[in-house]
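Asks: For chain A, the structure is supplied; the task is to place chains B, C and D on it using the hints.
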Amino acid sequence: MANERVIPWQPTVIAGPKQALLVTPETAELMIKKAKRPLFILGPLVKEDPLRTYATKIAEKWNLPVVTTADAYKPFYEKGLNPTAYGVVEIVNLLKDPEWQGVDGKGQHDLVIFLGCIYYIGSQGLSSLKHYAPHLKTLTICKFFHSNADASFPNLKDEEWFKYLEKMGEVG
Amino acid sequence: MANERVIPWQPTVIAGPKQALLVTPETAELMIKKAKRPLFILGPLVKEDPLRTYATKIAEKWNLPVVTTADAYKPFYEKGLNPTAYGVVEIVNLLKDPEWQGVDGKGQHDLVIFLGCIYYIGSQGLSSLKHYAPHLKTLTICKFFHSNADASFPNLKDEEWFKYLEKMGEVG
Amino acid sequence: MIVVAPKPKSEPKKFKDEFWKTKDIKISIRDIVEKDGEREVSEEETPIGPTPKPHVTDLRSWDMKLLSRYEPFYAPFCDMCCLCTFGKCDLLNKKGACGINSEAQQARIVLLACNIGTAAHAGHARHLVHHLIDELGEDYPLDLGLNIDIEAPITRTIIGKKPENLADLAETLNYVEEQLSHLLSACHTGQEGSSLDFESKALHSGVMDDLAREVGDLAQIVTLNMPKGDGDAPLVEMGVGTIDSTKPVVLCIGHNVLPGSNVMDYLDETGQEEDFEVCGICCAAIDISRYNDRAKVVGPLSRQLKFIRSGVADVIIVDEQCVRTDVLEEAQNKNTAVIATTDKMCLGLPDMTDEDPDVIVSKLLNKEIEGALILDPEKVGEVSVKVAKILSPEREKLKLLPELDEVQKMAAECTECGWCTRVCPNSKPMMEAVIAARDGDFSGFEKLYLNDVCYSCGRCEQECERELPLMSMLAKVGEKLAKTEKFNIRAGRGPVQDVEIRRVGAPLVLGDIPGVIAIVGCSNYPDGGKEVAEMAKEFLERNYIVVATGCGAMSIGEYLDEEGKTLYEQYTGDFDARGLVNIGSCVSNAHISGACIKIANIFAKKPLEGNFEEIADYILNRVGACGIAWGAYSQKAAAIATGVNRWGIPVVVGPHGSKYRRLYLGRTDKKENWKIKDLRTGKIMDGEPAPEHLIYAAENMEEAIVMTAKLCIRPTDTGKGRQIKLNHYIDLYKRYYGRLPPDIHLFVRNEKDIPITYKKDVKEILEEVGWEPREIPQEPSLMGMDGD
Amino acid sequence: MIVVAPKPKSEPKKFKDEFWKTKDIKISIRDIVEKDGEREVSEEETPIGPTPKPHVTDLRSWDMKLLSRYEPFYAPFCDMCCLCTFGKCDLLNKKGACGINSEAQQARIVLLACNIGTAAHAGHARHLVHHLIDELGEDYPLDLGLNIDIEAPITRTIIGKKPENLADLAETLNYVEEQLSHLLSACHTGQEGSSLDFESKALHSGVMDDLAREVGDLAQIVTLNMPKGDGDAPLVEMGVGTIDSTKPVVLCIGHNVLPGSNVMDYLDETGQEEDFEVCGICCAAIDISRYNDRAKVVGPLSRQLKFIRSGVADVIIVDEQCVRTDVLEEAQNKNTAVIATTDKMCLGLPDMTDEDPDVIVSKLLNKEIEGALILDPEKVGEVSVKVAKILSPEREKLKLLPELDEVQKMAAECTECGWCTRVCPNSKPMMEAVIAARDGDFSGFEKLYLNDVCYSCGRCEQECERELPLMSMLAKVGEKLAKTEKFNIRAGRGPVQDVEIRRVGAPLVLGDIPGVIAIVGCSNYPDGGKEVAEMAKEFLERNYIVVATGCGAMSIGEYLDEEGKTLYEQYTGDFDARGLVNIGSCVSNAHISGACIKIANIFAKKPLEGNFEEIADYILNRVGACGIAWGAYSQKAAAIATGVNRWGIPVVVGPHGSKYRRLYLGRTDKKENWKIKDLRTGKIMDGEPAPEHLIYAAENMEEAIVMTAKLCIRPTDTGKGRQIKLNHYIDLYKRYYGRLPPDIHLFVRNEKDIPITYKKDVKEILEEVGWEPREIPQEPSLMGMDGD
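Protein chains in written order, with this note's numbering: chain A, 1 to 172; chain B, 173 to 344; chain C, 345 to 1132; chain D, 1133 to 1920.
Chain A with its partners taken away, still in its complex shape (with noise of 0.2 Å):
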């Protein structure tokens, strides 16, 4: 198949014409540096390190309020974070009301980072906010191309995923 790299992860979740936007950390990055309020989703297959290092160094970072779904709670709260917890549907159907002040009471976030979320489900989240929620950017940093986000890393091996969260979340 042409460009596996941005054939979705799993391919049948291609829903229509409108695709992700491939992007680097580099792009990634300016995407948190443009937001006003950002939100950092992290799932359960990011709970042990070295993943759960990347992903909270990159909170860190950038000084990300997180969210955990599933039990992704335990593993970040005890590496320091202080994460909400929330189903990824919950979380989601939150994300998609405007009216919603946001994890943090401040009103509803501008872009919505995912990491670690079962990928089916995180694709279905996605598209969710896709569809209904056109006041908000979302971005995944997984090492699967998600074609239900706005802007998506490709399919990446262990390796290179590795590189990019490090990447994104080395200071200075």
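Hints were generated in silico from the structure; no laboratory data involved. From a predicted model like this one, the values you see are computed outputs, not experimental measurements. Accuracy of the hints is not assured; some may be wrong.
If we take Cβ atoms under 7 Å as the criterion, some of the chain B residues that face chain A in the derived model are [as the list claims (entries may be wrong)]:
1. I179
2. I186
3. G274
4. G277
DSS-like, lysine-lysine: derived pairs with alpha carbons at most 27 Å apart [what the hints assert, rightly or not]:
5. K1379(D) <-> K1499(D)
6. K74(A) <-> K1669(D)
7. K1579(D) <-> K1618(D)
8. K47(A) <-> K1579(D)
Backbone N, C-alpha and C define an ideal beta-carbon position, used for all residues, glycine too.
Replies: Okay, now just chains B, C and D, sitting in the frame of chain A:
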């Protein structure tokens, strides 16, 4: 939308992960050269000049057996070609049968070049061949990107398209 | 409630027959017990054929015969299946998680579409029958008048008995609903793996749809006293130009006659019939005008958005099927009141059914409610009239569209991105129209407006990056053209009379009348409605019988000749050569298959009751009928076409029809596919590709006309008849292809078949291909062939 | 046949009520006429509530109450609509050609899925009832024995009367089929534009599904003498290891008990019961073993392809629903004979129903036919046994799979493209397993095999560019593991007894028994079946009542503790705290909603007949029940979940459940959504988010366990009961999240609610959030709130 040239002309004909290969006149010519039993299908959208002339020249240059769909027979017959007239669904139905002996009775074709069929019914025919005619390849040289073909021109402006067709018809 | 006789354990071999058949006999007996003696006699008289109330699998062998001759042609609209949570699965040269392959999936989706269509008609019929029994009692008799003795030919053939009253219609619906439930069950993930068996089920669904439509139309004809097969049914005014927008205007959109007929009643009862305009779009328009010819027809489906945007309607009543789902939003923008009237379409509106009419009126006028759901048709009549009366003067209708100079200003904002044209189903030049309008040239818009070349689906507007109100701009430019749109249509006349069948039966079966052309279906036309009228005219002038229903019947009426006459004014409404017969709405399509069935019964004396296969076999081989559904778009159209196909009637659809994913195409290069059995001699012999296809999608009108003429050929044509048919075929082929049809030899059995005018040319072809004369079967049939 | 009383024209205002309601009363009267006097009395006694035989719109106001509290959450699976030929339309922030928007389209697809699921159960029930009436007569009584007086609680509530015999069941199906036809009609293009109204229809469809399942299971219980609510129903052998493949093996796949029960009968009649193995996959297995506990259960759906590939079965009998559509192709590769037995799944096979059994046997053995379609269950019994007997010795079963060294060779061909893993629904490491196998390390395959971590959908195999038979390789590696797969399951016991309800009614409603956990549905698990058993164990040990059906009930039985005992051996089958109750197959799910309804009736003395809203309102606010459908995949599962939701019972689905496109989620941050009315005082007051969600998709098991415990909380819990429930919630939350639940304050009404063990920590939280004690409603209700 990203790269409009390779989004299907009617964007919603997108059918799944499989996409057509984008081709230039050069690659299109290579495909025809490689083919042992090519067939040229001309539809009603190229009944009038200059398109009728471009199509005729291509048929003549490559010595392609021609099938016309809808009422395209008359103009091409008058132009000196000796086409066979079929409905587009009839010819597609014959092409997907590996046992069919081709327009000349010498055996099933291995490459089918489409030009000038109405976009959406052409797209449905290409989908049919994509699914049920593994024994042949499809190439479209319309001014529209056809994602259901194996290979297709991109979406083109008239001038570009005319150049492309002219090129493919140039002898020598 | 279906009742089954205890089956003696002793005879397991005939179990299946027992299982599905004693049931029905038992039912008749039970009915007899309930009914009077006279009925009992009539029961005794009718011999019951092999398949009364056939279950899903009972006509499977007939289906397999059709499907081996007319193999399914699949054109997937999507490579994937998204129906269960294992998916989505990619079926492109792969099987899905349930094991299904691409062919079976296409057939499954077709079955699903047919089931939805059948449900639409069954739900509609059930609603009518419920309501009418409720009003008139279940014993209300089905009297179609003296000219129609063989009423309900479909019911007779399938159910195995003649319906006497509304209760019998309800019983028929019980059967339809049960079959539908089995057929929908077969769409569940897992289970069926054979595309042919999916097709057999789709064909069964189609015939269930036929039944439901017959029930529905019979019910409304007899109870609402609609025309009962009158060839000279009145002409009804049609077209936006016929509507006096200075009067309060009530618009009915959909398919269910009850709300609209109650509006007419209320106006009559209150003596206001002259003060209001009641008009309709889509089949509701046809059926209301069958009930009361003062009702006006706006036009087909394709008019919907344009007309709503024009703001002419003060009240819009929606019922069911083929109504824009955003009608509420659109109407609110024009301060038009909306009343929803069935469970099919509630639009989130509060249920006012039990409220006092005047309370509803004031709530609507004061905008306390967005609109009203009123499930009582009578109340709908009163409320809509009262609301329109007060609302009409308040609404300044003429100011509802932008002025032309505003249109020009808007056009100036166009970025020429071209996406309006790309998302147009027919790639019509909307962008060019906008660019021209920028310079005050509105001709582009006018071209799009006329004949519904643009059928106002509104996708361009949705896509426009400048959010230009393209449909309003179109409506504005069309305003002055609309004034001139004064057409008419003959009121839908319902079934064909037995006497007409007696008159045309022989000439049709022998070929002297070249065929029956049924112009049916919706308005998803590739290039406007005019082509439909042109096709009708072509065949009328060639002595074909042209019957029409639904949007097709309307499009035919929207065409004016040089003297400004419509085809309905030029041709009689009789079911005869050169007759243009508006049968009625989409449900009335049942009378078209019905007419073919009646030919088998009245002319050929074939018994109907429980005798499906013999009847269908007769129609396929003898009755030169062909349908044209040029703008078929809906699941109902899929069910209708599949139903008539099972009866042996071929159908030509427009290019968009290829999106139904499945056609039934014959292969003239496979001689063995056309073998038939001559029932007279019992001999298996070579047949002809007549008809060549069962359902065919044409790329344009020219192709469709030629193919339709060809599909009227039947093996039983006499030499004279065949000459007539071939003459038209050759004539049309020459006109559009500039030569003789290369397959003409396939349809020449012996020299007598060759049209005199083309004798020389045809003979040349015959020599080229080494043609040999063929024996002509006396009673060609597919019965008693493989599969039996 | 439905009969309606003539409505006096004088009272148009009550039209709608008249329309839908007098009908039913009329029906009862008519029945009484037909039935004996005794019946008449019982009719007189039952007061009929407001909504007997509700039509599509009659329970709409209840639905809107549910939907305003539990708003639909949509996750489109596709941006486009492909249902009509105007399309495909892109609905991403755009309306389609019919005007539909993305929300409405999602709701429409959900309605379509529910309708397909309802049709599957209605078709199944109709087939059973037809057959049984045919065998036993329509007057055959519905006798569930002395312990069950309130049988058919769903039928009583919806239809408005207690079914006495098979004829009454058939009448109920007439109603279901009519409603289904209306609901399917609403899926037609055009019409409904409100997502909420689509949801209301989906909820109606779900309750129709409930009815159909109750009818189906009642019919088979009473006529086939299945267990009638016995808590100590026998233990049935389960697992591939329990099957002696040296004997002839007949495998039944699907959901319809009749073919399998007839196999058992034939073996008994011919005294061969010891010489054969009869086993089943999916619900057919459960129902056959309810009929005869010598039948063995292979396991859930997830076993299907693996087991067919193993070649153990000599004959495969397929009936309907959830059967691999490619079973014929797969079986032929193993020289296994295939018999199709229903109209739902004919597989293109010749209809042998009327043939002599021995003729069919020889045709099958001589491969004259690919397989046989036999619609007579009795004949299926005889044919399958005779074929298996002769075929078994001929087939060298052990040679049907590649040897391990061949598996290794095949593995060596892997190109490591990785697509097997990418197309795996759960992204399981198939490629890694193959790579390891290349070096003779089969542990990767073993991990995939055990607990159906790979549920053998076969997509990897379809994708493999080397066309490696990955499923066969898996089956081979699993062979020796399979031998050790010796489990058991308690035979499905059917309905819950009234006496059990009397015993647990109070403790459940007051909260002393923390809840009823219903583990149901299919095997589209994210990480194998073991998680299901672990969830069951968790709640059993916490004194919940655990009921199970279908694949869920099987997965629970596939787990062995340290002493090699299954949970069914460790826990009683009583409907009581710490009881593990296998209710039966998927159709038996009706008895779970049924049990909740019976609590309202027996414990709270709420009348059932025609009283849906009051009953559902009671269940929602008082009965702490929660479903877990961890592997829900099908349209049936969609209908079942939507049906129980309408009764007020929340459901947790696995992550794949998000592909159903719609959930019903509550918003704890919106206080106003939780207001309730205390029927005792008539006061509108603040309520609790209890239950918080109506249908919820969890990302993994840990999340699901915690959410399920939370969803058992109800406003009527006593302080003691609430303490118990919160104790479990906190306990589990702490285990999986490492802290106290941050929303705990929402569920503490006053200090009495605080579990002693966590008093200190909870109080801290309460102080942090500034918690204030709340008034406790006595009869919390949604009735009499907005919308009424």
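Asks: Are the hints correct? Go through all of them and say.
Replies: Hints, one by one, checked against the model:
Against a cut-off of 7 Å between C-beta atoms, the interface hint on I179(B) holds, since the closest Cβ of chain A lies about 6 Å away. Taken as an interface hint, I186(B) checks out: its beta carbon lies about 6 Å from the nearest beta carbon of chain A, inside 7 Å. Interface hint status for G274(B): violated, as the beta-carbon distance to the closest one in chain A is roughly 30 Å, over 7 Å. With its C-beta approaching chain A no nearer than about 36 Å, G277(B) sits outside the 7 Å limit, and its interface hint is violated.
Using a Cα cut-off of 27 Å, the hinted pair K1379(D) and K1499(D) holds, with the two alpha carbons roughly 22 Å apart. For the suggested pair K74(A) and K1669(D), the alpha carbons sit about 23 Å apart, so the restraint of at most 27 Å is met. Simply put, K1579(D) and K1618(D) have alpha-carbon atoms about 18 Å apart, close enough for the 27 Å limit, and the pair holds. A hinted pair counts as satisfied when its Cα atoms are at most 27 Å apart, and K47(A) with K1579(D) qualifies at roughly 22 Å.
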